[in-house]
Amino acid sequence: MKNKILVAVDGSETGNRAIDAAAQSAIEAGDSIVLAYVIEWSPYSFHTPEELAERHKRRESEISRAEQSVLTPQADKVSAAGVSVETVVRHGHIGETLSSIADEYGVSHIYIGRRGESKMQTMLFGSVTSALIQTSSVPVTVVP
Amino acid sequence: MKRIIIGLATFLLFAEGALAAGFDESINNATAPIAALIGKIVFFKIAIFGANLPVVVLWLVVGAVFFTFRMGFINLSGFKHAIELVRGDWTDPKGHGEVSHFQALATAVSGTVGIGNIGGVAVAVTVGGAGATFWLIVAGFLGMSTKFVECTLGVKYRTENPDGSVSGGPMYYLRKGFSDRGMEGFGKFMGTFYAIGIFIGALGIGNMFQSNQAYVQLNTVTGGALDGLGWLVGLVMAVVVFMVIVGGIKSIARVTEKIVPFMAVFYCVFAIIVILMNFASIPQAIANIFTGAFTGEGVAGGALGAMIIGFQRAVFSNEAGIGSASIAHAAVKTNEPVTEGYVSLLEPFIDTIVICTITALVIGTSQVADPNFAGDATGVAMTSAAFERQLSWFPIPLAFAAVLFAFSTMISWSYYGLKGWTYLFGEGITGQNIYKVIFCVFVALGCMVQLGPILDISDALVFLICVPNILGLYFLAPIVKKELDSYRARMASGEIKKFN
Chain A
73 MKNKILVAVD GSETGNRAID AAAQSAIEAG DSIVLAYVIE WSPYSFHTPE ELAERHKRRE
133 SEISRAEQSV LTPQADKVSA AGVSVETVVR HGHIGETLSS IADEYGVSHI YIGRRGESKM
193 QTMLFGSVTS ALIQTSSVPV TVVP
Chain B
1260 MKRIIIGLAT FLLFAEGALA AGFDESINNA TAPIAALIGK IVFFKIAIFG ANLPVVVLWL
1320 VVGAVFFTFR MGFINLSGFK HAIELVRGDW TDPKGHGEVS HFQALATAVS GTVGIGNIGG
1380 VAVAVTVGGA GATFWLIVAG FLGMSTKFVE CTLGVKYRTE NPDGSVSGGP MYYLRKGFSD
1440 RGMEGFGKFM GTFYAIGIFI GALGIGNMFQ SNQAYVQLNT VTGGALDGLG WLVGLVMAVV
1500 VFMVIVGGIK SIARVTEKIV PFMAVFYCVF AIIVILMNFA SIPQAIANIF TGAFTGEGVA
1560 GGALGAMIIG FQRAVFSNEA GIGSASIAHA AVKTNEPVTE GYVSLLEPFI DTIVICTITA
1620 LVIGTSQVAD PNFAGDATGV AMTSAAFERQ LSWFPIPLAF AAVLFAFSTM ISWSYYGLKG
1680 WTYLFGEGIT GQNIYKVIFC VFVALGCMVQ LGPILDISDA LVFLICVPNI LGLYFLAPIV
1740 KKELDSYRAR MASGEIKKFN
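Chains as they are written, first to last, in our numbering: chain A, 73 to 216; chain B, 1260 to 1759.
FYI, nobody ran anything at the bench for these hints, they're computed from the structure.
Accuracy of the hints is not assured; some may be wrong.
Said to hold, decoys possible - Which residues of chain A face chain B? A few of them, derived with a C-beta cut under 7 Å, are: (1) Thr120; (2) Glu126; (3) Lys129; (4) Arg131; (5) Arg137; (6) Thr194.
What the hints assert, rightly or not - Okay, derived cross-link-like pairs now, EDC-like style, lysine to aspartate or glutamate, Cα gap no bigger than 20 Å in a straight line: (7) Lys1695/B x Asp148/A; (8) Lys1592/B x Glu158/A; (9) Lys1757/B x Glu168/A; (10) Lys1741/B x Asp1283/B; (11) Lys1509/B x Glu126/A; (12) Lys74/A x Glu158/A; (13) Lys1517/B x Glu158/A; (14) Lys1353/B x Glu139/A; (15) Lys1740/B x Glu1595/B; (16) Lys1592/B x Glu1343/B.
The beta carbon of each residue, even a glycine, is placed where N, CA and C say it ideally should be.
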């Protein structure tokens, strides 16, 4: 049976390199690829009533922007290389959401580009990559 | 020494001050009779057992008791599920990115946690004695059921606008709900009635009362340096509100929304510290609350008088029955309107049963230790004096908190009022700006008028909104009950799944 590989995509240079690396190994093993774009979002934040009323509209536009500017072009590239590909967009904590997508799609491996987070960012918000490594149930490859 | 300098400064400003004081005074004199008249109409009172019971208060209490029974004590039985919903235990991760239950609750709470929790409680205790606190808590408890009903309806009957944004609230559920029950014409009338009520009412509870008490606290901490300068403070506040709601400087509003919850926690922590410092007085203060509730010692109208005051101030603080929170809750994208009802029942709990009770205990324990601790002060100044007895520096952060609470409440209410306005007059930008400018003018006015007439006007307007809202809730309660029963049945059958 073919395996699935999950790739975390965010439109960055390292994210694209992660796709390339995953595509390479998918071609070799005959695996398929799931491209996931996670939009950073927390259910525990504070907003004005006006922002709440606009939220649904903004969510739709965030999702279509992620699809149009990042996911679709990357998916086209991957399938042009002869690999079958699915895409998914979610909101949430990036690390945790990626590992739950991994479980949901039953993937056997996760590729993620190194985020290049500064010490300050990591101290304040925690590292996305290490959160993923801590919670993931499958091997994670970090691409520099 | 500080006082002398401030005194001198005030003296130097005398010429200007006298002029300004005159201005404040003339505004005050002009509004007082209007307030008295509105108060008389809305607070039409009937005498029962020697107490004057305003009909609207009775209207609200009967409503709250009815909804508590009709929904099967949802305020008790729904509490645990409400917490699970807020934690996101029942939320499908695929739907993340929409307004979460927590966000809707937080927004509605920062709209309700305002000066009422600090100053309103002091007013209740001054007028209704310690026993008013007991009835305040009872009213908070019953109000949880009213909130449940109105917020469920808010989501069920909201309108999705063509641009993807959502509008909801009593004006929508009154119109559509009555139409569902075959009373289309009456529904239209009720929706309009409510919309008028909320856009006028927003100028009182969510506006003048807030700016007034923020000014009073600022004046207190500056040792009276702002006496007669209400117009100036009011002008500054009005300009800031103007910048946010008309100028669209949303960053100010966003920052406030983020600071307010922390200020509320900060306030509660220090309030508990003060209560603990008054340790020896705690048993007596609690005893006073209970005996006062049933004997009403020294209160006009006795126990019933204390009860009326307690209920009145509770509604003013937690807004149950006013319908305002359902406007904020309507933004949540959910297939189950009942879930927002559950979440919203936490609001009167947080606002009244927790925060108001804490304030009441700060005042109550101070009163036991020193019956004359606040002198003639009432409202927020009295609460401030109670804190000052133990923590001399506290009035300054309290002033900061008061201004922020007032500000966030004003921002929320400007939105609620605006929703009433656009319901009536459409989404036209000019019309919206006219409303916003009127709103800002009232912010400034609030600082120039005495607390008494403001409370009269605000109370009267708020209770006026309750008339169409509660009437609607009675008629629509069966719809809510049906939703609730179906939701519970599907929860039991496992059709509605827990995700965590």
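We went through each hint and held it up to the structure:
1. The closest approach between the C-beta of Thr120/A and any C-beta of chain B is roughly 5 Å, which is under the 7 Å cut-off, so the hint is satisfied.
2. For Glu126/A, the interface hint holds, the least distance from its beta-carbon to any beta-carbon of chain B being 5 Å, beneath 7 Å.
3. Among the interface hints, the one on Lys129/A holds; its C-beta lies about 3 Å from the nearest C-beta in chain B, closer than the 7 Å criterion.
4. Interface restraint check: Arg131/A against chain B, minimum CB-CB distance 4 Å, threshold 7 Å, status holds.
5. Because the closest C-beta pair between Arg137/A and chain B is about 13 Å apart, greater than 7 Å, the hint is violated.
6. A least Cβ separation of about 22 Å between Thr194/A and chain B goes past the 7 Å threshold, and the interface hint is therefore violated.
7. The hinted pair formed by Lys1695/B and Asp148/A fails the criterion: a straight-line CA distance of about 49 Å is larger than 20 Å.
8. Between the alpha carbons of Lys1592/B and Glu158/A the distance comes to roughly 27 Å, so the proposed pair goes past 20 Å and is violated.
9. For the hint linking Lys1757/B to Glu168/A, the alpha-carbon distance of about 18 Å falls within 20 Å, and the restraint holds.
10. Taken as a hint, the Lys1741/B and Asp1283/B pair is broken in the structure, with Cα atoms around 53 Å apart against an allowance of 20 Å.
11. Annotation: proposed proximity of Lys1509/B to Glu126/A holds, straight-line Cα distance about 13 Å (limit 20 Å).
12. Pair hint Lys74/A plus Glu158/A holds up; C-alpha atoms about 14 Å apart against a cutoff of 20 Å.
13. Distance hint between Lys1517/B and Glu158/A is unfulfilled; the C-alpha atoms sit about 38 Å from each other, more than 20 Å.
14. Note on Lys1353/B and Glu139/A: the hinted pairing holds, with a Cα-Cα distance of about 16 Å set against a maximum of 20 Å.
15. Distance restraint check for Lys1740/B and Glu1595/B: the Cα-Cα separation of roughly 13 Å lies within the 20 Å cut-off, and the hinted pair is therefore satisfied.
16. A threshold of 20 Å between alpha carbons decides the hint, and for Lys1592/B with Glu1343/B the separation of about 18 Å falls inside it, so the pair holds.
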